Structures are given as C-alpha cells and as structure tokens.
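Take the sequences, apply the hints, and build the full model.
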Amino acid sequence: MANILIVFHSRDGMTEALANAVAEGAMAAGGGVRLRRARELVGADVMALAPGWTENATRMNALYEAPTADDAVWADAILFGTPSRFGLVCSEVKAYLDSLGALWARGKLVNKVGSAFAASATPHGGNEVTSLTLFIPMAHFGMVIVPPGFADGAMFKAGTPYGASAVSHNKPGALPSDADLDAARFQGQRVTEIARRLKG
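In full-length UniProt numbering, the protein residues as written are 1 to 200.
For the record, the hints were derived by calculation from the structure and aren't laboratory data.
It cannot be assumed that every hint is accurate.
Said to hold, decoys possible - Under the rule of at most 30 Å between Cα atoms (straight-line distance), these lysine-lysine pairs were calculated in the DSSO-like manner:
1. Lys94 to Lys199
2. Lys171 to Lys94
3. Lys171 to Lys108
4. Lys157 to Lys171
5. Lys108 to Lys94
As the list claims (entries may be wrong) - Taking CB as the label site, the calculated pair distances span:
6. Leu198 to Val46: 33 to 43 Å
7. Ala151 to Glu55: 19 to 29 Å
8. Gly149 to Trp104: 25 to 35 Å
9. Thr54 to Lys199: 20 to 30 Å
10. Ala62 to Met27: 13 to 23 Å
11. Asp178 to Ala139: 28 to 38 Å
12. Pro51 to Gly107: 20 to 30 Å
Only a predicted model underlies this, so the values are computations on that prediction, with no experimental measurement involved.
Glycine is no exception: its CB is placed at the ideal position from the N, C-alpha and C atoms.
Here it is, written out as structure tokens:
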C-alpha cells in the first residue's frame, strides 16, 4: 500500500471538495490516505471580513487535522491543494511547505511523489500557474513530480494537465462540477499508482 498525504487549504469548500475527490481516487487505487487542512495565518478580525470564512474554518478544522512534518515522513506521495491567490499558492499551504526545511536538509523528501491541484474564483484566476508554481518546491525537495496529464478521458473534460482544478465564479458556497471531481479522482488514482510502483 502507498501512503498518500493530501495537504490543502480551503476557505469556502471548493478546494476541500477537490481534496476529498483526490482522496477517493487514491483509496480506490489502494492508497492509505491522510487528509490534512493547513491552518489560517491571519487573525479573527481579517477572517471576519470575508463572509463565511470563520464558520467554514471552524467546521473544516474540526474535520481535518493540521498537517505535520511527521505526516510528510509517513507519506510516499504528497498532493498539495490550494486556492489560487493571485496566481500563487495560498499562504497557509506555503507555510506548511516552509516548515519542511529540516526534512529537506536531511533528504527525507527525496523520491516521494508530488502533485498539485487548485481552485479559483474566476475562469482565468490562475489555476494552471498555481499548480505549476507548486512544482518548484517539489523539485527542491527531490520529489518525483506526477501531474495528471491527459492520461485519462476525465482530463479532456475538466481540470488541467498540471492538476485538477475548479472555478467558483465568485458564487459563495459553489462546489466543483462532476467533471471537476472526476478529474480530481483520476489525479488521486494516478499519483497512488505511481507511488505504489516506486515503493515496490
């Protein structure tokens, strides 16, 4: 069995839904999954400015543990899921990446599989470049980067070849389409299959 760590941050539930679909695909491929939500770095005053942020964070933090360095050591593959923040990874997931410096220095992330997925508010809100940006720390870590590519029919209907994605169209509470979720499930499946081969 391959150990699959999914680290994500989500404010309204869009990236959370993609993360859960990735987990479904990973488990269907025989992976053992840990689903972790990166925690907020801003205070309650800032969270209160975005309707629903505080309530959603409270709900999700009760469902998902925060990611730790031990989770990364346990994992054979790590998938990072993030809302696109101006074309970049969100600060919450970036902070988790930054926390892995000691593991990087000891070579503990070398040859683990890495992959990324993203969500945005608008159709050209940065999903592709955000997933691509996450490849950079994976390369520094010595990970084996595995994007979904166009390796399945689901990827011709949704997502990007760099990672599953979804767009909320600025609608509060919007969720990914069925096609978006199929692409995310395929990504979880593909990453798990590759991780199993490398581990075996």
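Comparing the hints with the structure gives:
no.: 1; hint: Lys94 to Lys199; result: holds (27 Å)
no.: 2; hint: Lys171 to Lys94; result: holds (25 Å)
no.: 3; hint: Lys171 to Lys108; result: violated (41 Å)
no.: 4; hint: Lys157 to Lys171; result: holds (22 Å)
no.: 5; hint: Lys108 to Lys94; result: holds (18 Å)
no.: 6; hint: Leu198 to Val46: 33 to 43 Å; result: holds (41 Å)
no.: 7; hint: Ala151 to Glu55: 19 to 29 Å; result: violated (38 Å)
no.: 8; hint: Gly149 to Trp104: 25 to 35 Å; result: holds (26 Å)
no.: 9; hint: Thr54 to Lys199: 20 to 30 Å; result: violated (40 Å)
no.: 10; hint: Ala62 to Met27: 13 to 23 Å; result: holds (22 Å)
no.: 11; hint: Asp178 to Ala139: 28 to 38 Å; result: holds (33 Å)
no.: 12; hint: Pro51 to Gly107: 20 to 30 Å; result: violated (44 Å)
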